[in-house]
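Next come the chains, spelled out residue by residue.
Number of protein chains: 2
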Amino acid sequence: MMEPAHTPIGLLLARAAKTASRAFDDALAAEGGSIPVWLVLLALMRGGHRMQSELADEVGIQGPTLTHHLNGMENAGLLLRQRAPDNRRIHRIELTDTGRAMFHRLRGVAMAYDARLRSGFTEAELDMLRNLLERLAAKQAS
Amino acid sequence: MMEPAHTPIGLLLARAAKTASRAFDDALAAEGGSIPVWLVLLALMRGGHRMQSELADEVGIQGPTLTHHLNGMENAGLLLRQRAPDNRRIHRIELTDTGRAMFHRLRGVAMAYDARLRSGFTEAELDMLRNLLERLAAKQAS
DNA sequence: TATTGTTATACTCTATAACTATA
DNA sequence: TATAGTTATAGAGTATAACAATA
Numbered sequence: 003m004m005e006p007a008h009t010p011i012g013l014l015l016a017r018a019a020k021t022a023s024r025a026f027d028d029a030l031a032a033e034g035g036s037i038p039v040w041l042v043l044l045a046l047m048r049g050g051h052r053m054q055s056e057l058a059d060e061v062g063i064q065g066p067t068l069t070h071h072l073n074g075m076e077n078a079g080l081l082l083r084q085r086a087p088d089n090r091r092i093h094r095i096e097l098t099d100t101g102r103a104m105f106h107r108l109r110g111v112a113m114a115y116d117a118r119l120r121s122g123f124t125e126a127e128l129d130m131l132r133n134l135l136e137r138l139a140a141k142q143a144s
Numbered sequence: 003m004m005e006p007a008h009t010p011i012g013l014l015l016a017r018a019a020k021t022a023s024r025a026f027d028d029a030l031a032a033e034g035g036s037i038p039v040w041l042v043l044l045a046l047m048r049g050g051h052r053m054q055s056e057l058a059d060e061v062g063i064q065g066p067t068l069t070h071h072l073n074g075m076e077n078a079g080l081l082l083r084q085r086a087p088d089n090r091r092i093h094r095i096e097l098t099d100t101g102r103a104m105f106h107r108l109r110g111v112a113m114a115y116d117a118r119l120r121s122g123f124t125e126a127e128l129d130m131l132r133n134l135l136e137r138l139a140a141k142q143a144s
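Going down the list, the protein sequences come from chains S and V.
Residue 3 is where the first sequence starts when you use the working numbering, and the numbers rise one by one after that.
Residue 3 is where the second sequence starts when you use the working numbering, and the numbers rise one by one after that.
Among these hints, one or two may not hold up.
Copies of the same chain look alike in the list, so a pair counts if it works inside one copy or between any two.
Within a straight-line C-alpha distance of at most 25 Å, the following computed SDA-like cross-link-like pairs (lysine to any residue) qualify [to be verified]:
1) 20 with 53
2) 141 with 57
3) 20 with 90
4) 141 with 63
5) 141 with 64
6) 141 with 88
7) 141 with 45
8) 20 with 61
Derived from the structure by calculation, the hints contain no laboratory data.
Computed from a predicted structure; not experimentally measured.
Between the sequences and the hints, there should be enough to build the whole structure, so can you do that?
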């Protein structure tokens, strides 16, 4: 008898991520957010960005794509862009109170969502999963 | 001292899947394919579809989205659509020789890609990863 | 000239609502 | 009326190339 071939890791990864990200995006949308907006807010609240290009790298998108999202977020009153006095080529991004409030709402969504993802797994399994996912992501960078 | 908070599972999953799917899509594009085209070809070659709606479900997209991809694939000469004689509401999809050749080329890409994904992991780790990813995907369906 | 970010443009994937063809 | 699939339309996210502002 032949063993059934294992389902490819890439297909399993894509399926798990697709279903997860759809549900997560729906939950964020109910609060007026989206995945890219959440990732940008998360990166901004973590701080440490000198330039938008660094922010784009952290979010995993290109410069014009970041500009696109920043435009939407600025129109929504979540942030302000000002040129830095010492080097006016650099735009400094500041979250408004509205932006910070949005961050906290979306963080609530993200925490609730992650709790749901973690349910049914032991801590040891979650640690193993984190380790495996980090190694997978790191592999791609090369 | 506080322990550093664990990075959310959802974020790690999204990162791993994003980097993986980009590289995979690039590799498929070099052969004239794409991820949705590959998934449709894979489902068609597995067979067992009576209706397009079942095919759409298997690929994880809606009917009109499937129609969109089938249009492109038919224009590219990969398949033909004909009405079933016994129930002319149903369209039967048949892969052409070109379509089957594309399937085999893209399967080669997928197998090479998955081999790369698997490298650096032990068989026990891969089994664990498959199990964890399947449980994650199953959870979302509920 | 080099750097930072934006504008202009376009493409892919996806979806919902309305429609046609068939039963 | 109900079902299978398509057409019409739209929207989100992404990207590349060309550009403007600044250094």
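Evaluated hints:
1. 20 with 53: between (31 Å within a copy, 23 Å between copies)
2. 141 with 57: This pair counts as within: shortest intra-copy Cα distance 22 Å, inter-copy 32 Å.
3. 20 with 90: neither (41 Å within a copy, 34 Å between copies)
4. 141 with 63: Result: close within a single copy only, 18 Å intra versus 29 Å inter.
5. 141 with 64: within (20 Å within a copy, 32 Å between copies)
6. 141 with 88: Neither: 39 Å inside a copy, 51 Å across copies.
7. 141 with 45: Classified as within: same-chain Cα gap 23 Å, cross-chain 28 Å, threshold 25 Å.
8. 20 with 61: both (18 Å within a copy, 11 Å between copies)
Hints 3 and 6 from the earlier list are contradicted by this structure; the remaining hints agree with it.
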